[in-house]
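Student: In order, the protein sequences belong to chains A and B.
All the letters of the first sequence, read from the start, carry residue numbers 0 to 511 under numbering that gives the first Met the number 0.
All the letters of the second sequence, read from the start, carry residue numbers 0 to 511 under numbering that gives the first Met the number 0.
Keep in mind that the hints were calculated from the coordinates and are not lab data.
Computed from a prediction, not measured in an experiment: that's the story for all the values here.
Treat the hints with caution; some may be incorrect.
Pairs count within a copy or across copies, as identical chains cannot be separated in the list.
Keeping only pairs whose Cα atoms sit at most 20 Å apart, straight-line, the calculated SDA-like set for lysine to any residue is [as the list claims (entries may be wrong)]: (1) Lys-445 x Trp-161; (2) Lys-497 x Pro-456; (3) Lys-251 x Trp-102; (4) Lys-473 x Ser-484; (5) Lys-195 x Ile-184; (6) Lys-251 x Leu-104; (7) Lys-251 x Leu-109.
There are 2 protein chains.
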Amino acid sequence: MNGAEFIINSAVKAGIEVCFANPGTTEMALVNALDRVPGMRSVLGLFEGVCTGAADGYARMAGKPAMTVLHLGPGFGNGIANLHNARRAKSMMFNVVGEHASWHLPFDPLLAMDIEALAGSVSAWHRTVKTPDALAGYTNEAIINALNGRIATLIAPSDFQWAEVTDRHTVFPNKEKFPVEEPLIAQAADILKKSKKCALLLGGQALSDKGLMLAARIQSRIHCDLFYDTFPARLEQGTGYPHLHRIPYLPKMALEAMKPYDAVVCIGTRTPVAFFGYSGLPSLFVHDGQKTLVIHQTDEAIVDALLMIAQALHAPETPDPEMLSPLHRPGMPAGKLDGNKAGAVLAAMQPEHAIIIEEAITNSLAYHAVINGCPKFTLLALTGGSIGQGPASATGAAIACPNRPVIDFQADGSAMYTIQSLWTQARENLNVTTLICSNRSYDILKMEMFRSGNTAPGANANRMTDLSGIHWLKLGESLGVASVSVSTCEGMVRELEKALTTAGPNLIELAL
Amino acid sequence: MNGAEFIINSAVKAGIEVCFANPGTTEMALVNALDRVPGMRSVLGLFEGVCTGAADGYARMAGKPAMTVLHLGPGFGNGIANLHNARRAKSMMFNVVGEHASWHLPFDPLLAMDIEALAGSVSAWHRTVKTPDALAGYTNEAIINALNGRIATLIAPSDFQWAEVTDRHTVFPNKEKFPVEEPLIAQAADILKKSKKCALLLGGQALSDKGLMLAARIQSRIHCDLFYDTFPARLEQGTGYPHLHRIPYLPKMALEAMKPYDAVVCIGTRTPVAFFGYSGLPSLFVHDGQKTLVIHQTDEAIVDALLMIAQALHAPETPDPEMLSPLHRPGMPAGKLDGNKAGAVLAAMQPEHAIIIEEAITNSLAYHAVINGCPKFTLLALTGGSIGQGPASATGAAIACPNRPVIDFQADGSAMYTIQSLWTQARENLNVTTLICSNRSYDILKMEMFRSGNTAPGANANRMTDLSGIHWLKLGESLGVASVSVSTCEGMVRELEKALTTAGPNLIELAL
Numbered sequence: 000m001n002g003a004e005f006i007i008n009s010a011v012k013a014g015i016e017v018c019f020a021n022p023g024t025t026e027m028a029l030v031n032a033l034d035r036v037p038g039m040r041s042v043l044g045l046f047e048g049v050c051t052g053a054a055d056g057y058a059r060m061a062g063k064p065a066m067t068v069l070h071l072g073p074g075f076g077n078g079i080a081n082l083h084n085a086r087r088a089k090s091m092m093f094n095v096v097g098e099h100a101s102w103h104l105p106f107d108p109l110l111a112m113d114i115e116a117l118a119g120s121v122s123a124w125h126r127t128v129k130t131p132d133a134l135a136g137y138t139n140e141a142i143i144n145a146l147n148g149r150i151a152t153l154i155a156p157s158d159f160q161w162a163e164v165t166d167r168h169t170v171f172p173n174k175e176k177f178p179v180e181e182p183l184i185a186q187a188a189d190i191l192k193k194s195k196k197c198a199l200l201l202g203g204q205a206l207s208d209k210g211l212m213l214a215a216r217i218q219s220r221i222h223c224d225l226f227y228d229t230f231p232a233r234l235e236q237g238t239g240y241p242h243l244h245r246i247p248y249l250p251k252m253a254l255e256a257m258k259p260y261d262a263v264v265c266i267g268t269r270t271p272v273a274f275f276g277y278s279g280l281p282s283l284f285v286h287d288g289q290k291t292l293v294i295h296q297t298d299e300a301i302v303d304a305l306l307m308i309a310q311a312l313h314a315p316e317t318p319d320p321e322m323l324s325p326l327h328r329p330g331m332p333a334g335k336l337d338g339n340k341a342g343a344v345l346a347a348m349q350p351e352h353a354i355i356i357e358e359a360i361t362n363s364l365a366y367h368a369v370i371n372g373c374p375k376f377t378l379l380a381l382t383g384g385s386i387g388q389g390p391a392s393a394t395g396a397a398i399a400c401p402n403r404p405v406i407d408f409q410a411d412g413s414a415m416y417t418i419q420s421l422w423t424q425a426r427e428n429l430n431v432t433t434l435i436c437s438n439r440s441y442d443i444l445k446m447e448m449f450r451s452g453n454t455a456p457g458a459n460a461n462r463m464t465d466l467s468g469i470h471w472l473k474l475g476e477s478l479g480v481a482s483v484s485v486s487t488c489e490g491m492v493r494e495l496e497k498a499l500t501t502a503g504p505n506l507i508e509l510a511l
Numbered sequence: 000m001n002g003a004e005f006i007i008n009s010a011v012k013a014g015i016e017v018c019f020a021n022p023g024t025t026e027m028a029l030v031n032a033l034d035r036v037p038g039m040r041s042v043l044g045l046f047e048g049v050c051t052g053a054a055d056g057y058a059r060m061a062g063k064p065a066m067t068v069l070h071l072g073p074g075f076g077n078g079i080a081n082l083h084n085a086r087r088a089k090s091m092m093f094n095v096v097g098e099h100a101s102w103h104l105p106f107d108p109l110l111a112m113d114i115e116a117l118a119g120s121v122s123a124w125h126r127t128v129k130t131p132d133a134l135a136g137y138t139n140e141a142i143i144n145a146l147n148g149r150i151a152t153l154i155a156p157s158d159f160q161w162a163e164v165t166d167r168h169t170v171f172p173n174k175e176k177f178p179v180e181e182p183l184i185a186q187a188a189d190i191l192k193k194s195k196k197c198a199l200l201l202g203g204q205a206l207s208d209k210g211l212m213l214a215a216r217i218q219s220r221i222h223c224d225l226f227y228d229t230f231p232a233r234l235e236q237g238t239g240y241p242h243l244h245r246i247p248y249l250p251k252m253a254l255e256a257m258k259p260y261d262a263v264v265c266i267g268t269r270t271p272v273a274f275f276g277y278s279g280l281p282s283l284f285v286h287d288g289q290k291t292l293v294i295h296q297t298d299e300a301i302v303d304a305l306l307m308i309a310q311a312l313h314a315p316e317t318p319d320p321e322m323l324s325p326l327h328r329p330g331m332p333a334g335k336l337d338g339n340k341a342g343a344v345l346a347a348m349q350p351e352h353a354i355i356i357e358e359a360i361t362n363s364l365a366y367h368a369v370i371n372g373c374p375k376f377t378l379l380a381l382t383g384g385s386i387g388q389g390p391a392s393a394t395g396a397a398i399a400c401p402n403r404p405v406i407d408f409q410a411d412g413s414a415m416y417t418i419q420s421l422w423t424q425a426r427e428n429l430n431v432t433t434l435i436c437s438n439r440s441y442d443i444l445k446m447e448m449f450r451s452g453n454t455a456p457g458a459n460a461n462r463m464t465d466l467s468g469i470h471w472l473k474l475g476e477s478l479g480v481a482s483v484s485v486s487t488c489e490g491m492v493r494e495l496e497k498a499l500t501t502a503g504p505n506l507i508e509l510a511l
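Using the sequences and the accompanying hints, generate a full structural model.
Tutor: Written out as structure tokens, the structure is:
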């Protein structure tokens, strides 16, 4: 088999099933291999940010990596923003980037650029194949890294993709599991026991079903409040889980939220850091008077850590039912839609096992406060703050979980970054409903402008935040997605119900 | 004044008039400064690839840099593909990227990434301001680099943008001019005189009005053929200019085109390099039997070089009129459109002084052969091969030259990369006509697939090249651009005529 066939074959052997791709001439051997090697579903994105965002959403839901095939430096460059989000989500991914033929590259053809510099900015592992003999080994190294929860980027010159490779019959090892640092467990238990009021901040796998039920057991023994990161990679939520608070986005609100606690224990995440630095406000949301402990281990180990803390505290084997959120949907709002009402309608209607992609920015602030009592669902957030994650991530999540409804609760300005995702949703007939919060404005920037003292922005500043002029109904339809526009809660209820009972993608413009 | 005001003020003093921006919170001081400092037009792009592509198109047409304001690493990352094209075009640009506040960055906030690694991949000059005192000096250094034809990227932490800066009253020096290497002139003249058949390959400023008229004078004295790079940054073309041949894209055709010459003299460009390396074909389009000389100097100097060669050859003061292309439009084709016919209709109709952005990929192969006799016009091509340059570059060119019609002859797959450009064209009411060559396919990949021996592509490979399902009329309209779809030459004639006589942007889908 040739190098490209070896790459695809190894990925399939490692259990990788989906390849999000936008290939070019330097990836032609890989395209051919996708036909010759059975077992890999190829999904085209019309822009690489779609591919990398979809691979991220896929990994978060499937719990295993997808593959991407990207064209040279510019193709990888287009994927960087969503790779940054994936890196912050600690998502796993196996990227293969073509490079010019090794003998052609020294002539600096027009498309040549420093792919390694780009790859290094977002990959935990990246390597360029420098000799045909190195391809097999590097491929396996990349895949093992991806399987172990990392972003791995293999840069493969086209001539080495075509060259013959001897199959190594690699057996991919199970995922590494790092031992829990036991002294930290004792410290955590000690803090929980001795503090008057403790905040347990959960992230990563601590927000999984297992993690949350362990947190509920701890909560059944020791009085503490549970928080989750402002932008969790993946959060299980709803009735039957313990009540969770989101760390607020705005520093003043976050500091206020953390203030009552004399201790903060972070499990599977770090001490909370402000999204931006604001003059006069601290970077961290904990203060010197608070006892702080961080257990920030790799994903699976953190569930063990929670179990060990529960055991150290002699927590009951099953959580006290009082600790678990009862079924409680918010009341259905009526009349003209706004961001808060849109969030309430969504929380009132979202089906059990829905996957909610949350990139509604200013319009989701209220939503997070009313979701504890919804039927169980999964929430994926904008982990790296690089907008344009929602539509792409929804695409990948829907491919990972074809039987679960995916709802992308989406800001309009952010949606425009990877709007090409709608086309892939249509082509693959994915069950994604996109709720566009159409306020025709970068509202978060207006807020920041106000905060920065520019209370009467002039013409240039106003032009930087005004997004008017996008016709969402036509835009959705132009890319093959059934689309509709509503401006009332009643309209949103009607159309969301319709969308959720229809196969394939839908777009609902919420004209706010 | 604060640092941000200093940056904008310095740019204005240096003659920079337009800022293509998509700012965020870390650029808020710059947004405020755009209001306070008069003289800078702010243009919003809904995706950073629009901003950097527009700045490139602007620079190619205005002959001076535009400024961009980009949000942190992800914002810069989104701009990389078109920055790569700008780098290959040797365009000038002044990028300002915000960074987290210097005291906040060590906490690794979610949006933090290695901006320098990204900036370094496409910038000739880049620097991060590390102390407030360094801001003024680095700003001026960046602007001087931009004025001298380079891509300069200034990374400015938000706290230093807000900090007070003492104005330095910088007077920006004139553009550097490098002396021509005289021995090369004598060699070039000697080769031209002694060769039986010489190809003069022109690039950069050698393709300007002055450069071409000097080439025509040389041609009036010495028999030689004139070629231009396959993807010129900016090419003046049409009647009154000497007859020019394009170096073909396909290696076999390019090698064939160069074969008859015993000498190749490259002026303002390098020895032609194949776009991709193909097994069994050379990387360079010249061979050992050909005498080759390269004079690849900075832009202005190359016109001096041509003048000195003309003088050394005792070329006539004005070109022989026989050397200049007479007015000759191709015959108007009829019936069902295809790529070749679309190119012919365009060449038959394009107005004098039109700016043609050529990103039609497989559909423009015939166009380049029929444009020598058109009324004088300017052509901008896809210099770095990173698709998605057309719509963005057209936006910037139209801002640089509001009184010239801009026509973006555009492939459909490539257009999808920076489709958000249409929104900016609508908002700024720019005279851009976008001709979408809608063949619903990455045709160039199909061609490459065939060349690679995959003559019967399977399901996966076919899915990688099939783009069906984009409704261009709705897509254009959704972003505020008057749109229409035609499938015949007659329809294209009618709609192009209408578009060219209507103010503001238009989109014509050429259903091929």
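Student: Hint by hint, where does the structure go against what was stated? Just the numbers, ascending.
Tutor: Number 2 only.
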